[in-house]
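**Student:** Next come the chains, spelled out residue by residue.
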Amino acid sequence: MSPVCTPVAGRIEHGGTAPDGTTLVSMTVGPEEPVFPGHYPGFPIFPGVCVIEFLHRGALAAAPGPDHTWVLSGIESARFMHPVLPGDPLTAELTWRRDGASGRCSAAVTGPRGTIARIALRFEDRIALRFEDEGAR
Amino acid sequence: MTGMSAGVAELKRRLPHRHPMLLLDRVVRVEPGARLIARKAVTCNEPWYERLADDAAERDHDYPAVLLVESCCQAAGLLATWDAPVPDARGDRVMLFGGISGVRFTGRVRPGDVVEHQVRLVRSFADTVLFEGRSTVGDETVMEIEQLVIAFRPGSGLAPATPATADRA
Numbered sequence: 000m001s002p003v004c005t006p007v008a009g010r011i012e013h014g015g016t017a018p019d020g021t022t023l024v025s026m027t028v029g030p031e032e033p034v035f036p037g038h039y040p041g042f043p044i045f046p047g048v049c050v051i052e053f054l055h056r057g058a059l060a061a062a063p064g065p066d067h068t069w070v071l072s073g074i075e076s077a078r079f080m081h082p083v084l085p086g087d088p089l090t091a092e093l094t095w096r097r098d099g100a101s102g103r104c105s106a107a108v109t110g111p112r113g114t115i116a117r118i119a120l121r122f123e124d125r126i127a128l129r130f131e132d133e134g135a136r
Numbered sequence: 000m001t002g003m004s005a006g007v008a009e010l011k012r013r014l015p016h017r018h019p020m021l022l023l024d025r026v027v028r029v030e031p032g033a034r035l036i037a038r039k040a041v042t043c044n045e046p047w048y049e050r051l052a053d054d055a056a057e058r059d060h061d062y063p064a065v066l067l068v069e070s071c072c073q074a075a076g077l078l079a080t081w082d083a084p085v086p087d088a089r090g091d092r093v094m095l096f097g098g099i100s101g102v103r104f105t106g107r108v109r110p111g112d113v114v115e116h117q118v119r120l121v122r123s124f125a126d127t128v129l130f131e132g133r134s135t136v137g138d139e140t141v142m143e144i145e146q147l148v149i150a151f152r153p154g155s156g157l158a159p160a161t162p163a164t165a166d167r168a
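As they're listed, the protein sequences go chains A and B.
Using numbering that gives the first Met the number 0, read the first sequence as starting at 0 and increasing by one per residue.
Using numbering that gives the first Met the number 0, read the second sequence as starting at 0 and increasing by one per residue.
By construction, these hints were calculated from the structure, which means they are not laboratory data.
It is possible that part of the hints are untrue.
[Stated by the list, open to error] Derived coverage of chain A by chain B (criterion: at least 3 residues anywhere in the stretch with Cβ under 8 Å from a Cβ of chain B; other residues may be distant): (1) 1-9; (2) 12-25; (3) 28-36; (4) 42-49.
All residues carry an ideal CB built from backbone N, CA and C; glycine is no exception.
With these hints in hand, go ahead and build the complete structure from the sequences.
**Tutor:** Encoded structure:
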């Protein structure tokens, strides 16, 4: 069971934070990822948005502060350079910057064929957001 | 705008994506070369919900933000190829998701919601097309995209071992 609804099934490993403040996260894109049957039939390619999701999940695991109430509020930028294939190991050396109730996490994601993507994500503290109200819209 | 409606059968003639990654259900309007409106109905039957625990809270059922992006990218991809569809991921001309910037998630989406994506073609170069997008549920804007980049490459450029290619949109 997973506590979150996500298209990425693989387990994201958190490699600890270096003295310079960067954090290493990694995962292996297994052939059983649920997106592959449809992206694309007989020609599996890990979608670019799933590379973003890998960084999103890795960023939450490495989020600053003990509260861990960050939610993704935007994608500042994402640029894709290489495709990701079943079996590829992915790593990201991510940098978090916190500014009050907002945060920014950026990283280059690398794989066996070099840099796959450069991504910068925006987060907000859930307490400061209307996401907090629990009811239906 | 050209009034028209294209369902899943038509989408499959125009996009290589299939279940569970065909993330549009209907095109409701298209003005080729300019703008397109498409809908996606979100349901708890999608596989992303399968691994969610039975006691998960309502907010844990928020639709994954990155899949909203993918769904809107597919709307942009349809508009980019309306007059010359690229339905084969292994064809001689392929569509790539080159990048995206200025995305803001401004509302949540949950099972039962119908998301409407409005994409507008901003600029078109030889092999690159730039879009902007807005996605709504009812009267609420749930996502805004300042710039979405779709690129076209020769199919041979997508051989897995070849560098300098990107993920397909």
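**Student:** So, for every hint listed, does it hold in this structure?
**Tutor:** Results of checking the hints against the structure:
no. : hint  : in the structure
1   : 1-9   : holds (count 7)
2   : 12-25 : violated (count 0)
3   : 28-36 : holds (count 3)
4   : 42-49 : holds (count 7)
When the structure is compared with the earlier hints, a violation turns up for hint 2 alone.
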